[in-house]
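Undergrad: If you read the sequences in order, they're chains H and Y. Numbering of the first sequence is given in my numbering, commencing with residue 1 and proceeding in unit increments. Numbering of the second sequence is given in my numbering, commencing with residue 1 and proceeding in unit increments.
Hints are computed from structural coordinates only; laboratory data are not their basis. Treat the hints with care, since some could be wrong.
[As the list claims (entries may be wrong)] With a Cα cut of at most 30 angstroms, we get these calculated DSSO-like pairs of lysine-lysine: (1) H:Lys507 with H:Lys414; (2) Y:Lys304 with H:Lys81; (3) Y:Lys98 with H:Lys81.
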Amino acid sequence: MLLDPRTLRQAAPAATAHRDGGRELPVEPQARGTIPPDPVGPDSLVGIPRVQTNPSRWNGASWDAFVSDLARAGVDVREEKGTRAAFVTDAGGLAFGMPHGVVTARSAEQVAAVLSAAQARRVPVTTRGGGLTTEGESVAFGGLQLDMTGMSRMVWVDREKMLARVQGGMFWHDMAEVLRRQGLDYISAPLNFTSSVGGTLAVGGIDVNACRHGCSADQCVAMEVVTPTGQIVECSEDRNPELFERVLLGYGQFGVVTEATMRVRPYTPCRMHYLFYDDLRTAMEDLIVVVRSDATDYSGILTMKDRANNLLFAFDSEEREKDFFANVRPKLRGLTEMQFAVRAAGFYALRPWRIEEALWLYRRKKLLLPEFERPEHLRDGKMFDRTVVFSRAVWRHWGNRTMVIPDLATSEEKFIEAILRGNRVMRKYFAHYTLYCVAIRLSGNRPRYEMSCIPPDARDWAYGCEFEPMFEPGEYSRDHLQSFKNAIYDVGVEMRTSYYRFGGSMKGYIRRVFGDAVVDRQLEFKRQADPAMILNPDVVF
Amino acid sequence: MLQPLLLKSPLSSRPGFETCNGCDVCALACPVWQQTRDIRLTPKGRAKALQGGAKAEDLVESVSACVMCGSCEPACPENIDTVGMTLRLRAELAATGKSPVAAMARDLAEPPPLPEKRSFVHMKTVLLAEEKLLADIPTLSSVILRLGGPAHVVVAEDSGRDIAFALEAGLPVPPERLARFLDGLRGALRVVTSDGFLHRFLRAWLPGLPVRSIGAAVLHLSEIRRALRPTDLYVVESRAYHADFARLVPLYDALRHETGCSINLDLQRFALPTAAPSLPARHNAGPVRVHEQIRWILEGRRVKRVVVESLEDGEAFRRDRGLAVVHVAAVGV
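The shape of chain Y in the complex, shown without the other chains (with noise of 0.2 angstroms):
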């Protein structure tokens, strides 16, 4: 039930793996290669082996081994729809029972219950908040102020959480439970999302209905910009941000002119992610690392203060170096 999901999306018109030509441009992009360097485990590794028919059992490894930050999106220069072939291998995977991803996505995947009453969104904004955001009532109030207040913001019940880990997965997704989800946004002046692994996914399913990041949606607020500092790291979300890529590399080029701030933008200007937010992150599985990638990002910076748009980003940051950290939506409150 994946693939008519997938077909639904802009990116299955784009070319798929037999027109990667091998240039690993994916690579330098990719946090696995960055932690494993082994290139079999980087999309264009994954391309290639099935341009030589290897089948997706053959790339269990590899398959599994992706944290899903989409940076290699951008950066194919064939723009080949490297997220999509990805995901495609997953749910391959994930039909044979072959899947370790989809044995974490397991529990996570449930739907929730359905709301005891229907919120009205009509020409609101939406916040789609997952868990973590949700039970931090200080956060989630600055959120709220930063996109209108209350008012003109709505927290969605259901927040499609399960519908992502499902998709991270490779997992079926059930019509019903798509088009349940998808109802509940209809109308909506527009969708911010905390979750950036639905980002790319929302703006297919639903065109014309403007999707945005918490940080895409704030960061216009001139308090927020003139409470950024030249010591602050910014930590970008980089799903979200990769999704919407084009979109979004002058944005942050100019947060980082006008403030001063280090961004975790890589020289092409993908984002580095922290990567804990994945779901082989979460289970502590995979090559990747959240700790190598937080060093790789922090090297030769001098951070006093870590600003995130993911709670998950900012918890990693916190737990591994103690630094301080707070939420953009949180800046200059």
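Extracted from the complex, chain H is given alone in its bound form (with noise of 0.2 angstroms):
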């Protein structure tokens, strides 16, 4: 039956009111049979803050029985509190869980045990590295926390083919320790210290070398992988490649990388320079011209808010680093410390009531530099240990016990205007932040970058920029801080780019972003090899 819309506005009720402090105030009657706006519809939460929240924890059902079937194989589960009580968050600091239980993994065919019991019992299993997940993904929410760093070693190293074959759980400056008493050194990999290589390889992996070499996922030839069913499974581009593929940026979703075999290379110290810009956009686009020329080993911007940009490049080579100073030098209109200098204190001159912001950067200045000038890792103009250098300056001066880096991740086309919106958000919500930005060399059109960092529309080179708020001065709230993130990433929605740290908290915008084909493509895939769903939940599915 056609209902009459007439009959319907008479039916409507007369508009009521409603009392504030005893002043009544009109409410717009709302005619029956219409839908008002949805209030919280996709598009409608852009700008609004909302609050991050835990994924539920698991319930435990299975447990006991996962416990004795893993105590049957030989495994140790560790359940008391000091264990558990070591994994309860992240490096961000704002994801909360604990686990049931924790195994420190040894080989591979401990940890297909426990994800063959895992997948029988339906009992969720978390995998964690270093633990330098910023959005909770490397922490349980209940279940297995399956530790890889005890898996840490050095399998072999073989000089002729340069390639060295590493447990999954071992840090990144471990294997330097390693590698260097050889006089070799990794290619690339997370500046950080203690980013584990499997979990790297699950999400890429970005160095200021990245622009030349790839991510460190790129550097990877052949893996050892435990799928979540429990099958331990080498596979490389050779040898079962699709698995190969779904495992490298794979978000830990397809299998647990117990041995990588990476390429290597001759140690060399590099010579730093540094170009000081004090507009963001310029700073970009030379970082742009930088990369295009493909002269330098090393390229990066690092900024103290937007009005003091660095552009950082080095050389491996003297050779390079010559062609680079007589080609592609004189196309970049950085200044140096000295000219940026006296720029900034002529405009900071002009106005005055910017000197608190001056101060701030000075003060930052002052204490930065001296890190990446230590007389022990400089020598001859030469910086030795780098990864120690810019490790040892993240951690002092970057780390905390929170952590927020949301980051963009577009084309070279969209890159600028991303960044320069990004930055926007920046300068709203925080008085004081670095922005990191590094290119990366693609390797050709992989499967692997499907839902990863990559964006689908990068070619040869992939930009990156990371947005990290200083907390300094005072303190903000966890619902300041996930606006914040919100916003970031609404940026990369409405631009269409993509993300490193799309996971774990984040992932509520992996279909606006990815686009549901992608996904559930990707989700076929991880029931496909995950029927039981267990390992790593709630970081992308």
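Since each chain sits alone in its own frame, please combine them into the complex, following the hints.
TA: Listed below in structure tokens is the structure:
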């Protein structure tokens, strides 16, 4: 029966009123039969503070049977508080969970036993290397925490083929310590000392030399993987290539990396150079020039707010350094430190009301620069152990018990606009912050890049930027931090970029960013590989 | 009674376990981590467990495993008093009678008898020499010579070793015992200690009085530096080194570049310890094996001679590898 709108209008209740402090407030009448705008529709969330919540905790239904299964398999599950408490959060320090128990992995066979039993008993298993996730991806909300750092040895080094086989839980710095005794070094790894090799391969791994060598995952030539159902499989581009491509940048969904064969190289100190910019756009334009030239071995942007932007670049050889200064440097608009200081002094002299900002920049420079110029790591203009220098600086000057580092990963075409928009978000939310931008050379069009930090429209290079607030002065609420993250990620949704950290508590963005077709395809792969969906739940799916 | 001692130290004003952000950087320098790959047994493991509500009794294995090399302390980006944290946990365990390390130290922590007469230390270098050095007369003579000769050096009757063992084990140190020890050092020009563990405490207890390890006290001598060779492995005594890290890094860095010798330093410039002087290693207990430490120190290095600052380290190298070992003070003699 069709309803007569006139009848409906007549049936609509009269405008009502409610009281606020004794004052009657009018309420607009809502015509019956019409639907008001959805107040929580996806696109209406932009700019609205949203509270971050942890995933629900697993109920532990089959835990005891699972532990008994593992005891029979000779796997020791530690359930005492002192052990479990060490894993309550990750580097982000915002997501908190508590595993029912912890297994420190010691062999692929043991990991296989764990996953096989977990599959049968439907027990969630959360893997953890260095625990340097920021969105709770490596935090177990109940179930088993599989601590991979127990598998942390160098298996072999082949100097002729320039390959090294390492266990998946090995920290990159520990790998470097072993390789350096043989005059070798890894190619590229995150600059923080304690990312694990396996964890890095699962997400990408970005270094300041990713512009030349690509991400860490692209340095991997083979892996031993334990699948979610407990099979131990060797894979590479030639052997089980489908699994190889799924596990690389697979966010831990398709297997646990127990060993990896990585490309290595002869160790060389590098010669660092810095150019300074007071304009972020110019710095980014010059970064693109540097990257396209392919004339440097390292490059990146590190900012203090957006008034002091540092384009750093470095060289492994003097030949490349000479070529760069002959052919590329003249095209760059960056200033020397002295030129920048003079210009900044002039800028702030004309704007005395911004003296506080100037003083902060000066204090920050005084604090940071000595860290990059430590004499025990510098000799004859060359930086020795750059990973130590950078990693120590990262932890000393950016580390915190709470770390919020949303990011945007873009194609070259979108890079500048996306980062400028992200920068506007940063200025709105924080008094002080750092941006860290690098380029990542792509290794063709690999299946591994689907649903990863490599945006689908990137060609040759992808660009990434981390937006890292500094929590001084004062403190910020969780709601503030979450709203900030959302505001950055909303830029990505609008511009159709990607992210490095899209899992864990930010996984609500996955379908909005990658689209249903890609996510459903990945989900189908996941269901096939992990029927009980027990491996790293709540990270992506 | 340990607590008041630690509270006197500037270390105790530094951040505690509450500040740990879980970065794991302490683990990279930790010999327990190197050998066990068990994060629970590292300072980070202890700090995070404490943050999660664990008590000292929950951490017996972790607290007992530490060899007190002190590398975690300069490593910590948050400047956490990691050594103090572990010592406090040891003290809590010792007080409850549940500390394996305390049991190891009980016979070593007996105070020495009162000396018959008190040495005159005014404006002299006081050498605190442990038993091995006192028993090795040629090496002791070299140390005295290199420190300025008998006219300028006093070998303390009271070396404070019992205090060092008690502190390491978390056992109480009677205040009168500490006062007696420190009184014997007042007025000295400087204190040179062969026991690296006491180093950090002496600096806190005697502010203004220079405290040096033997290595740091003699390495400025050109005759020693000239006698070091590229095929030497120079073994820094890790406890004193890490207690005075910021000051000593440039000294050893210059030594390495000047002489070409290799040093037991890692890429972060922390000293890889043999762990031989530690209480657990003395009792062949705990997860850290001296043999494995020596293997790792020597890996990839071609060494003809080992130069040591600590005779305990030297003995470990000699016993384990049969390498030629010489004390730094005896180099070039």
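Undergrad: Of all the hints given earlier, name the ones this structure violates by number, lowest first.
TA: Of the numbered hints given earlier, the structure breaks just one, which is hint 2.
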